[in-house]
Amino acid sequence: MARALAPGGRTGRAASARVPRGSRTGARWTSAAVYVALAAGGVAVVFPFAWMLATALKTPQQIFELTFWPSAPTLDNIRQVVLATQFPRWFANSLGVAAATTASVAFFDSLVGYTLAKLRFPGRDLIFIVILSTLMIPTEMLVIPWYIMSARLGWIDTYWGILFPGIMSAFGVFLMRQFMAGVPDELLEAARIDGLSEFGLFTRVALPLVRPALAALCIFTFLGNWNAFLWPLIVIQTAGMRTLPVGIALFSGEAGSSWHLIMAASTLAVLPVLAVFALLQRQIIEGVVLTGLRS
Amino acid sequence: MSGPAGRARRGLSLRARRTLSAYTFLAVPLVFFLAIRIAPAAGAMVISLHRWNIVGTDQPWVGLANFREVLSDRQFWQAATNTLRYAAAGIPAQLVLGFAVALLLRRAARFRGLFRTVYFVPFVTPVVAAAWVWQWMYSPNFGPLAMLAGRLGLPAPALLRTPVLALYAITALVVWEYLGFQVVIFLAGLEAIPRVYYEAAAVDGARGWDLFRHITVPLLNATLVFSVVYATIVYLQLFTQVLNMTFGDPGGPLGSTATVVLYVYTLGFQRFHMGQAAAATVVLFAALLGVALLQLTVLTRRVEY
Numbered sequence: 001m002a003r004a005l006a007p008g009g010r011t012g013r014a015a016s017a018r019v020p021r022g023s024r025t026g027a028r029w030t031s032a033a034v035y036v037a038l039a040a041g042g043v044a045v046v047f048p049f050a051w052m053l054a055t056a057l058k059t060p061q062q063i064f065e066l067t068f069w070p071s072a073p074t075l076d077n078i079r080q081v082v083l084a085t086q087f088p089r090w091f092a093n094s095l096g097v098a099a100a101t102t103a104s105v106a107f108f109d110s111l112v113g114y115t116l117a118k119l120r121f122p123g124r125d126l127i128f129i130v131i132l133s134t135l136m137i138p139t140e141m142l143v144i145p146w147y148i149m150s151a152r153l154g155w156i157d158t159y160w161g162i163l164f165p166g167i168m169s170a171f172g173v174f175l176m177r178q179f180m181a182g183v184p185d186e187l188l189e190a191a192r193i194d195g196l197s198e199f200g201l202f203t204r205v206a207l208p209l210v211r212p213a214l215a216a217l218c219i220f221t222f223l224g225n226w227n228a229f230l231w232p233l234i235v236i237q238t239a240g241m242r243t244l245p246v247g248i249a250l251f252s253g254e255a256g257s258s259w260h261l262i263m264a265a266s267t268l269a270v271l272p273v274l275a276v277f278a279l280l281q282r283q284i285i286e287g288v289v290l291t292g293l294r295s
Numbered sequence: 001m002s003g004p005a006g007r008a009r010r011g012l013s014l015r016a017r018r019t020l021s022a023y024t025f026l027a028v029p030l031v032f033f034l035a036i037r038i039a040p041a042a043g044a045m046v047i048s049l050h051r052w053n054i055v056g057t058d059q060p061w062v063g064l065a066n067f068r069e070v071l072s073d074r075q076f077w078q079a080a081t082n083t084l085r086y087a088a089a090g091i092p093a094q095l096v097l098g099f100a101v102a103l104l105l106r107r108a109a110r111f112r113g114l115f116r117t118v119y120f121v122p123f124v125t126p127v128v129a130a131a132w133v134w135q136w137m138y139s140p141n142f143g144p145l146a147m148l149a150g151r152l153g154l155p156a157p158a159l160l161r162t163p164v165l166a167l168y169a170i171t172a173l174v175v176w177e178y179l180g181f182q183v184v185i186f187l188a189g190l191e192a193i194p195r196v197y198y199e200a201a202a203v204d205g206a207r208g209w210d211l212f213r214h215i216t217v218p219l220l221n222a223t224l225v226f227s228v229v230y231a232t233i234v235y236l237q238l239f240t241q242v243l244n245m246t247f248g249d250p251g252g253p254l255g256s257t258a259t260v261v262l263y264v265y266t267l268g269f270q271r272f273h274m275g276q277a278a279a280a281t282v283v284l285f286a287a288l289l290g291v292a293l294l295q296l297t298v299l300t301r302r303v304e305y
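Just so you know, the sequences run in chain order Y and E.
Here the working numbering is used: position 259 in the first sequence is 259, and no number is missing along the way.
Here the working numbering is used: position 72 in the second sequence is 72, and no number is missing along the way.
No lab work stands behind these hints, which were simulated from the structure alone.
These numbers were taken from a predicted model, which means no experiment stands behind them.
Please note that a few of the clues may not be correct.
To be verified - Here are a few chain E residues that sit away from chain Y, every Cβ distance over 10 Å (derived from the structure): (1) LEU26; (2) LEU95; (3) GLY153; (4) PRO163; (5) ASP204; (6) ASN221.
Stated by the list, open to error - Rough simulated footprint, nothing fancy, chain Y against chain E, three-plus residues with beta-carbon under 8 Å: (7) 43–49; (8) 59–70; (9) 78–84; (10) 128–136; (11) 275–283.
All C-beta atoms in this analysis are idealised placements derived from N, C-alpha and C, irrespective of residue type, glycine included.
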């Protein structure tokens, strides 16, 4: 569907149609067809980004000219979004909320995972089942009670109100418990004899050994909170408290047909994420496999 | 928050000290999961049995009236049908395209990492921004589709304003977002299949299509089940893309793009019928629970196989 709708998809289909002939003439044709198909699909996937950037660099007049790339690219739109809206504030809000949530999830989920995997105590299995069962509850079911609760406790339109639902995640507990189970008991026992406290065993022995899983959990928690939309949209009331997704949505909604500004705002939201992705792409993609297959 | 099991406490047995540390570590998380997950879930069910308007102060018990109202609301059924339509269109598209790209990547000796990264980019792109970019791409006056149609002398389609098409136009965005994720999952699944199976079958004279049908597909079963379940959960909870793609007219032309979650949002937070909205979320919860149980059955059957 995505391919059929975006330009470049046509080349993709033409290329796959060529595959049978390729296998007749030889492996080289097949392999060429593979690359052509992959490249065509890749162009289709990347096209929306190019379209976003092209529009963000156009003056309103240039949008009517119906050319793909602006004849005279301008940074005016970007400047206008940064200066005339609270965009920098929204960015900082998102960064703060996502960072605080990620730190909290990393700490608590690995601590709980460690406790459930490595300490023996009455009630352990019951606690694990209770936490795991919360995975079944969809966020949509919780937002109404959260809202009523936040209204009573004065949490509406506060940072705590935005982030409290995400400070721990049952999925993270599950993931960390799986990985903590792989920490050798002998190692913990030896450290215990050396006089390390139970908490020290967790921070100094167990935690360093599950670093890849912890990194994956952090990346996904950060991404998830950076993108969170439904609850922030409900709990945020004033423009200054908006996170980036809520800010972009409401700004774009108010901007009407000023697409040059909407695309400039989108560009500003997308570029930092792409930069981080470029740096961490290996860890992110491997993290998907790590977490995806464990669940 | 340091461990209480200090050396000084010689009075306690080792067992008791361990139990004490365990519960110290678990205290805050237990409060969280009970107060922020389990109690609100129960709360949603309680609210669904009351007439609960945020403006009024009294919330009378109404029994199952909210459920009756929701289940007899044409808009709810339209949203539910739409949600299933998104899933029915998006999940197969995502799986087939994802599988195709994964197979192509397996045959590409060079640039595999680069292509994988390119296909994955939409998955990490902020959803709200992506939705607005796609809305602009679909612009019937100035979008690239409009330009293309103009060059070919065809009328430009107003995809998001046409009831029959708008839902599929949004589905395309969702497929675009999740394609790379699907590719990565399939690649991992394909790599987990031991090469010796193919070699052994090749010795027995099996060729391309046979290998694919009798080794690749059956051994990819777990990956497929995971993908379908994951995608189903994503599609049943579709909201952000839908709201942002049809922002000025939430739910699209004639409600043709509204989803269950959008219905809940509109009912609960724009019309403030919290009781009815809660009832709708309980129905959604039941549906998701059904998917999970189905998954359990399918997975158990696979073990027997």
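- Message: Hint compliance check: list the failing hint numbers for this structure, sorted ascending.
- Response: As far as the earlier hints go, 1, 8, 9 are violated by this structure, in ascending order.
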